[in-house]
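So the protein sequences, as listed, match chains A and B. Throughout the first sequence, residue numbering follows the numbering used here, covering 1 to 202 in sequence. Throughout the second sequence, residue numbering follows the numbering used here, covering 1 to 150 in sequence.
It is possible that part of the hints are untrue.
So these bits of chain A aren't anywhere near chain B, every CB distance computed over 10 Å [unchecked claim]: (1) A61; (2) K65; (3) A82; (4) R103; (5) A136; (6) K159; (7) R162; (8) A201.
Under 10 Å between C-beta atoms, here's a sample of chain A residues computed to sit facing chain B [stated by the list, open to error]: (9) A18; (10) F43; (11) Y58; (12) R81; (13) F105; (14) A108; (15) R122; (16) A132; (17) H151; (18) H153.
Now the in silico label distances, taken between C-beta atoms and shown as ranges [claimed, not checked]: (19) B/E31 with A/A78: 16 to 26 Å; (20) B/R29 with A/D182: 54 to 64 Å; (21) A/D182 with B/A59: 41 to 51 Å; (22) B/P51 with A/G116: 37 to 47 Å; (23) B/A59 with A/E188: 13 to 23 Å.
Hints were generated in silico from the structure; no laboratory data involved. We put the beta carbon where it would ideally sit given N, CA and C, even for glycine.
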Amino acid sequence: MRIAACLAVLCLAAGALAAGEEHLLAGAQLFRERRFQEAYVEFTVAARLGAGGDAAWYAAAALVKLQRPEDALEAFAAAERAAPSVADPLLDYYRALACYDARLFLCADRLLEGVGDRTGPRIGAQARKMRADIAALLASEPSADSIDWYHAHGAEARKEGRRSLAALYYMEAAALARGRQDRHREAEASASLAELRKEIAP
Amino acid sequence: MLRRLHVGSVSSRWLAVLLVAGSSAFAARAEEARAAVRAALEQEATGPALPPVLPSLAAERAGKHGEAIPLRRSDVGRMAREQGEARANGAAAAARSEAAARAAEGAAASAAKSANADSHAAAGQARANAARKKPHGPGKIPAGPPGTSR
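Chain A with its partners taken away, still in its complex shape:
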């Protein structure tokens, strides 16, 4: 009787996990077909069915392809909190693309630095090109107006309760300010960042 109960529980658990893997497979196929919205749905379902921590990272990558970089950055942050060991150069490349699309170029550069050729020659070449472009952009002093843009977006994200996203904007603002003689609003960005870090990890 006890064994039968054990078997039933195991079968149920295995069924749910197997369903999660099926959703991962379906998501992979849809992603290949560039049906990113549906792939995102499949990965999200797989994550909720407990198909490992990977599924949440894949869902975040799908958001990058859906041109939702801010949502993707938040999803990556959540996935990292839940399953930090899943991170790898390929996922870092997608995360870097999300940073790039959200105009967080220093954030993108930091991630791309770790990508290197570990994802293969094609992606490695893309990563190098992106890094070179970012280096060229930041070779000249950033304008105060640009730094203000990051402050404005950080404040907006914070107001909406998107703390990890807000932290990224303030981090970028602080780093860009260090590239200026007058360190435009660097202290303000660092203070906001410190407050956010306390809120994120009390």
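Using the hints, position chain B against chain A.
For chain B alone, coordinates are given in the frame of chain A:
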């Protein structure tokens, strides 16, 4: 008493065998799923074609939203094709597509919540809904900061 013990030990052995077989089959399936996703991610890992541009708050406040990062050449063709389709379908189709995408997400979320339900079938339904009313054209692109098209 002895017989009961014997039956118990045979059943436990069977259970152990079943567990080992089941877990190895499951591990193989999980590995296959992850390999498939990684292959798809690698295939679609495109990069931006043009250099990055720092944003401008003044320009954004003036309504220009900064300088948009231009589209990749391959995506320009795709976007043009999708825009053509959207024009053909009309504005109503674009509005429906957004609703369909949301409905797909909602249906999938419900499927995930009820672990006892046939989640595969539910997501299949979600896929079917989304496929029937698949987003076409610019209407499917949600608002967000300017960025590259992939």
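Taking the numbered hints from earlier one at a time, note which ones the structure violates and give those numbers from smallest to largest. Hint check: 1, 2, 4, 5, 12, 21 and 22 fail, others pass.
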